[in-house]
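J.: Work from the hints to combine the two standalone chains into their complex.
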Amino acid sequence: MPDPARPTPEALLPAARREGRGHLKVFLGAAPGVGKTYAMLQAARSRAAEGTKVLVGVVETHGRAETEAMLRGLDVLPRRPVYHNGRILQEMDTEALIARRPDLALIDELAHSNLSGGQHDKRWQDVEDVLAAGIDVYTTLNVQHVETLNDTVARITGVRVRETVPDSVLEAADEIALIDLSPDELIARLRAGKVYVQDQAARAVANFFAKGNLTALRELAMRTAADRVDAQLQEHMAVHAIEGPWPTQERILVVLPEGSIGRDAVRIAKRSADRARVEWLAVALTSLRAEARAEDSTSPALRLAERLGAEVTVLQADGAAEAELLDFARRHNVRRIVVPRPPIRGFLARRLMPRPQEQVVAGLLRGATRFELTLVTDEDSPGRRTPRAASPSLPDAGRNFALVAGAVAATTLLAVLADRFIPVFSLSLLYMTMVVAVAARLGRWPSVAAAVLSFLVYNVLFTEPRFSLRIWSQGQFLTLLLFLAASILTGNLAARLRDRAILQRAISDRTRKLYDFSRRAAAAASVDDVVWAAVSHVAAVLECDTILLLPDDAGQLTVVGAFPPEDRMEPRETSAARYAYDKGEPAGRGSGTLPASRWLFLPLSAAERRIGVLGLTYADGREPAPGDRHLVEALADQVALALERVRLADDLAQSRVLSETERLRVALLSSVSHDLRTPLVSILGAAEGLDQAGLAPDGRAQLVDTIREEGERLDRYIQNLLDMTRLGHGALKPRTTTVDLRELAGAARHRLRGALRDQPVEVAIPADMAPAEVDPVLIEQVLVNILDNARKYAGPRSPIRMSARTERGRAVLVIEDDGPGLPPGAETQVFDMFWRADQGDGGQSGTGLGLAICKGIVEAHGGRIRAEAVHPDGHGTRITLDLPLWNPEVSA
Amino acid sequence: MTARILIVEDEAPIRRFLRIALEAEGHLVSEAATAHEGLALAAKEAPAAMILDLGLPDADGISVLRGVREWTQMPVLVLSVRNDEAGKIAALDAGAQDYVTKPFSTGELLARLRGLLRDRAVEGGSACLTLGPLEIDAADHRASLSGEDLRLTRKEFDLLWLLASHAGRLVTQDMILRAIWGPAHAGDSQYLRVYIRQLRAKLGDDAADPRWIFTEPGVGYRLAAG
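Taken in order, these protein sequences are the chains called A and B.
Going by the UniProt record's numbering, the final residue of the first sequence carries number 892, and the count climbs one at a time with no gaps.
Going by the UniProt record's numbering, the final residue of the second sequence carries number 226, and the count climbs one at a time with no gaps.
Derived by calculation from the structure, the hints in this document are not laboratory data.
Careful: at least some of the hints might be erroneous.
[What the hints assert, rightly or not] Simulated pairs of lysine-lysine, DSSO-like, Cα-Cα distance not exceeding 27 angstroms:
| hint | chain 1 | residue 1 | chain 2 | residue 2 |
| --- | --- | --- | --- | --- |
| 1 | A | Lys211 | A | Lys194 |
| 2 | A | Lys25 | A | Lys53 |
| 3 | B | Lys102 | A | Lys792 |
| 4 | A | Lys194 | A | Lys53 |
| 5 | B | Lys155 | A | Lys733 |
| 6 | B | Lys202 | B | Lys155 |
On a predicted model such as this, the values are computed, not experimentally measured, just so you know.
The shape of chain B in the complex, shown without the other chains (with noise of 0.2 angstroms):
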């Protein structure tokens, strides 16, 4: 699958290594060092996906993602670095996908990356996720794993697709509350720490160890790829 991915950011041995790594993936990438290009570019080649630095020189990469979602819902993976839990929350807010921590492991980026470019593919809505064991038919609300029924209450199934229909990407705690609580919960981390670990328990997570839902600290949750 070959597609056309834009990366801005400052640091040209950063760049560098992108472009490598995507190139050999079988993309096609453009480059943009600040902000001001980074939107010229997005908006004159219109590339399938965004891979954008917060950290810009001539403006806060949130502005970029802001200008960006003006006209586009392509893909945004941020970088970001560690400890700024308040930024990446920030860029998720203003409609990033996911986001990855510098310094980060090109495969992992790499596999991120797939999984929007995915996400893309199968946009339209399919009524049916299927993550390698675990099927989830939203027409009947039902959810099996290995050909088992996993039995769950309406807000269950509710979580468990929100967090399927974005599989290997980060779902913070806000969004699922507002998706599922509707907006006058938004802050109620307590109904989700409850909900998460009756979803655990039906899917035979260990959240010690996790196969299936992924925490991100302070941030959200990510259920795996299958």
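For reference, chain A alone in the conformation it holds in the complex (with noise of 0.2 angstroms):
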């Protein structure tokens, strides 16, 4: 049992959600012209005296003198020009507004709707992100925009105004203000011209300013004046332990049958909830049949629940939904439950064409025993379709009418054979087969048409008398009756059987799909392999165009996949997908923020993580369906974990990399340290012998020759760094002319002409060979490297051969030597940085760089470099290159 004494978690979290936020003060009024903006402007005025940084985001004077008087001396945010239906207007910019950081900032009229163009639809969601960034904001608002006041509002006055404001914004409110001026006091100023009403007609605005319209909107902004400082003491009461009459957690259950409209029901919800100061829930019901077809009427209730405040929950159920819903109601302790009533039809037109609407509603009133259930009437809709009553196309009717036309024919044929052997009664079986097969192919209809005509068929040909309609007992009358009751009987069900195994079929369908989701990405083995069974089979499932946006090293969302291909989006849908990103929540088509886009654009996120965004859209610009919605959450979540799946095992695979460069540091380091040190040693020593008194002069030419040849070792070896680390940041690129190799060996030869002193060097590269595309002088490096390597292992005055030829239109040059060779299983290693064919002592040392730098520059030209021993025992090294050949018609 909790602390009676201590303030319940719950209790605390609206006032620990309001932490860090700007506080809102509302300057609430009864209609137009009460002076909201006015006293706002005075509030400002005095807090800006006690040193308080006010900032104007937006207000509207309407050109009356004494406001604009109140605003001068104040800091006025510059609109932001915004381009409309061929004009420019001006809204309030909110980005600058929050970059100004003020303590407080006044927003004008807060359900404003903004023009497209902006990151939100509504003036109240910017008020929103103000608060987010902990600014304080004073704003204004008429009590006909508060959303579940808007219908009483339009009953009262008879003018319904679109732009609403949740009533949550309100209820976050930390003050309200009620700006009050008597009826008769407005009426004068509206009068004195002092009461700007917006794009109004003259007698709408005369009828709304009547007398008694004023004074009921009076009380109304009193009352919610008057509920928020309940509320407020509730809250407080609450969050100090103050013992009072909880009410006890019953809920309130708003339920959206197939068909229905719903909005008011979930206005209506909404309040009693709030009333009732309890939790509420909205649940929409869909069939896999409307969902086929696309059909959703409720889904705009069931966002407006959404931003009510409800949670939200789309059940899928065929038939028999009460017990479905009466389940749900009971496990989250429902109290209440609010459905729209479906439009009153004849007693028969219910019974045999039953609307999923009306099904839901009997069915609650039966079942519902322990609950109270309230019905609202649900507004009518011009154009709504049923979904039962969607009856199939005509061409599929008048093909459906073609076959059970020639099964009837067929089935009479057979009769009129088979009347001689068996009695006429029993001919009636064949027809009754006959139309329980066209139910189970065709459905319902065409097994009723093909029940009627068979009774007619059968009354006509085989009944007496023969050949018309007429009966002669009663007692056959009967049977003929009877046979068409049961014709349709068994067709019905058959009907019905084949609409289950079709439904059965759908529901698998999908159970399939999302299966086949998670085996594909389960084989995936990197992130774009993941992406794109992501896109591909959202698209597939859904029928939709997808894209996959993933942030990049900078933060940035990029497009990493997308199905049909698509490597860019417009800059309004780059917002949408960075708001669904950065909030966490849908945006784009669909969801009330950035409707305009022509994206859905659902967050990837796993274990907390932010991953990236899923889109999605239709070719025929539809929202998707509540259904749909919840399967393609369903595939996204499937996808972040994919994802997050794949990027760890990326990250330690990037940790084996961060290994292996930690071993080539370390290689290197002590190459560093051997290798150039080494040859300094000799220099120094040398230098110092050449000091020495008394040298021979031989001596002398001896210790000068080594140190010219290890100060040339030096140089190739610091040579060797610079290209590797040239090679390792890509900053080589090959400036590729047309060479003849032939030359380029001899220029290479030349270049080593006093380390290949001894070394017999063949050529066999013919003269008239064609030219190679290479950089001459990468090149020129590339066989200097080898023959120096070469030179090196097979020992001097071991023959080195050098060839070329072209094979398949690629230049072929070979390089052998008969040293001892490379150890087994070398080939590919001789390349790698650092590596060394051991030398025992007295080896010549290298750097282990020259071959990896050969690889490097080889593939930098698009050619393959590879080692191989020249003879079966393993001696001798054969190093290939494959390099382009010049080709005169690219080159021209």
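T.: So, in structure tokens, the structure goes:
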């Protein structure tokens, strides 16, 4: 049992939620012209006088001198020009407002709808952003704009305003100031032209400002403000653990059956929940059949419920939904169920062609024994379609009828033939069998048609008197009637079975699609694979276009995959995607934020981490049906998990690469310390040796040689390190030109002429061989490295052979020596950095970089390099280069 | 042959060993460590040749070269670093006669310098050049190797004459193409490659082990100085 003297966590939550947020003060009025803006400015001026940094985000003065005078001396944010229907209009610049970081922002007309092009549809959403940034906000609101009061006001005044503010915004307000003006005074102001009313016809204005209306509105405003005070008191009591008559946690459920509109029901549920101070839920019912046809009358109401703070669920139910619904209600501790009442129809219509909405309501009336049930008249929507009424299209009906007629004709033929062998009344069984078959193949209505047709044909052809519809005996009549009834009944049963089977197939199809994806995602080894699996799979399942965005290294969302493939997005789409990613909420088409976007974006997150955004759009621009929304959300979760899994695997591989880098670093250090120092030791030693007195001329010459050779070695080593660094940074871009390989071989030999003094080098490159298309400087370096290696490992006086040929449009250059050859299995390792063939003492030391550089250079040319033994016993090393040939057509 | 040589190089050890080597050859040496100082000395002392480092602390070596070229055509030998083909070509275009790549052998540098100074000596234009067994007569467009007539086409002869009149020195591809095929063909290294191959064949020269025409990959060609 919780300690009663301590506040419960739930009670502390609203207060905690407001921590760090700016304070919201709403100046609430009953009607335009009561002086809200004026009062707001007055309050702001006094705050400014106290030293608060006040910034006017947007204030509409409507040219009123007294209001403009109040504005003087306050800091006013420049508006953002917005192009709308050929006119440039001014909107509040929310981003600039937040960037200025005032203590207090004045934002007039909370219910204002932004023109398209802004981040949000509604100004109250901008205000949310400003508050979230920790800035206090003063704003103004007329009571008619409060979402749940919208209907009431419309009923009182006959004027419905489209711009509404969710009640939750008003509830989140820290303070509400009621700006009150008596109706008489207001009417006087209106007459004096002091009230500006936007876009409303004069007559409507006159009606709206009738005294009775104003009185009612005034009362409504007062009650709203009073409710708010009450709520603040309750919250205060809860936070401070003051005992009180807390409502039990019984909840209110609004049910939105398939085919209903249900917005009024949602508003009423919300108000009941508010009044009772309980949580509330909304459940939309949808059948696979409706989803398959993308019929979705309830989704606006469902979204309204979501905006109004309901916990929202979609139940997939075919047939007996009420049992599932009541079970859901019991599990969620629901006390009261609100459901839109379907339009009343005749008894027969209800019986014969029941609509899902009627079935649900009837089911609830039957089954909801321990619930309080509220029926709300559902608003009518012109052009509403009832899902079941959707009849097959005309060509379809024609085809079905032809099939039915054919079946009846065929059966009749059979019956005429069988007439001799079996009693006449047994022939009816033939017809019945056919009717069942038609029901199973074509469904309910064709089977009824078949039954009626069979009844007529049977009557005409097989009952006495034949070839007439007349019937002799009562018994016969009864039999025929029974035949018709039995046909229709069995046909119906068979049709129902068929429906079941179709639905079952749809369900298993969907399950299989989900399962298929998880299987594909599990098999995907890289992020790219997962991305492709995700976009192609979601596109296939929902028959829509998909796109997937992931943040790059700089945190910028970039398109990584799309189906059909696409690699760019329009700026408006990008900002919707960004919003979905930043806020972790759906954005774009069919959501409350940036609905002008063509795409709906769903955030992908796994284990509290944002991963990316999945976007989808339909070619015909429709919004995704709620059932699809839930399917795609399930898929999005799977995509997120798969991405996360691949990321983790990548991280693991990354750490392996890091350890490889670490290995190279160690090798480089040891190489530098050894290879750089050894020549220096020789040079310093030789230089000091030269200084000695009494040095023989021969010894002197040797020391000088040592200094020169070691210096050259040092130079080669440093050159190698530099080349390697450039290769490593990808800074090495071959500048190709046409080159004679024979010429290049000559240049390389010339550069090594000192070292190759004693080396027989055979060059077998045809003088008229087609030229290669390479960077001469880099490939010369490759040849120098390979020749130098051959010299080092094969030993002096051992021959080196160079040859070249063209093969399949490539230049193939081969360099062979007769040295000891490569250690077995080292054919690819020789090209690794810092790899060195083991040499006993006295062997030539190298840096282990030469061949790695060759590989880098050759590959930068789009070529290949490989090493192998020359002789079968492993002796000799052959290095083969594959390089591009000059192609005159491409170069020309 | 004694000449005054100006060394413009910021590294004192390099200046020192160059001075020792040049003085051993009998030259007089002036030293400058900066571009500014180098230009001043070049103007004041009118040296016979200049050895110029491209990387100077106060300015680019090429700017020194351009400054010097405003009043004198004296030979300039550039010291450059490996893998800076663009820098080398820029220096040659700006009027340098030749370059050596650091680290260079002193012997090679002295040989190049001799070539430059000899050029200077024969300047004035002789119609006949002799490089060992190779004799070239510009007056009647004939060349012979060891007394054998080479039977060169007009373009081949022009190419040989251009290389020979700069014997021992580097001639860039660009220079050759401009001089023989005209400025419109400056980029057509195709022509040059083909003619060099033909010329080599007639000279009995092997590209893989050259005796006469040496390739400087990516830069140009050099004819052996006999």
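J.: Each hint: holds or not?
T.: These are the hints, each one checked on the structure:
With a C-alpha separation of about 17 angstroms, the suggested pairing of A/Lys211 with A/Lys194 holds against the 27 angstroms cut-off. Using a Cα cut-off of 27 angstroms, the hinted pair A/Lys25 and A/Lys53 holds, with the two alpha carbons roughly 16 angstroms apart. Between B/Lys102 and A/Lys792 the alpha-carbon distance is near 24 angstroms, which keeps this suggested pair within the 27 angstroms criterion. Between A/Lys194 and A/Lys53 the CA atoms are separated by roughly 30 angstroms; this puts the pair beyond 27 angstroms, and the hint is violated.
For the suggested pair B/Lys155 and A/Lys733, the alpha carbons sit about 34 angstroms apart, so the restraint of at most 27 angstroms is broken. Simply put, B/Lys202 and B/Lys155 have alpha-carbon atoms about 13 angstroms apart, close enough for the 27 angstroms limit, and the pair holds.
Checked against the numbered hints above, the structure breaks hints 4 and 5 and satisfies the rest.
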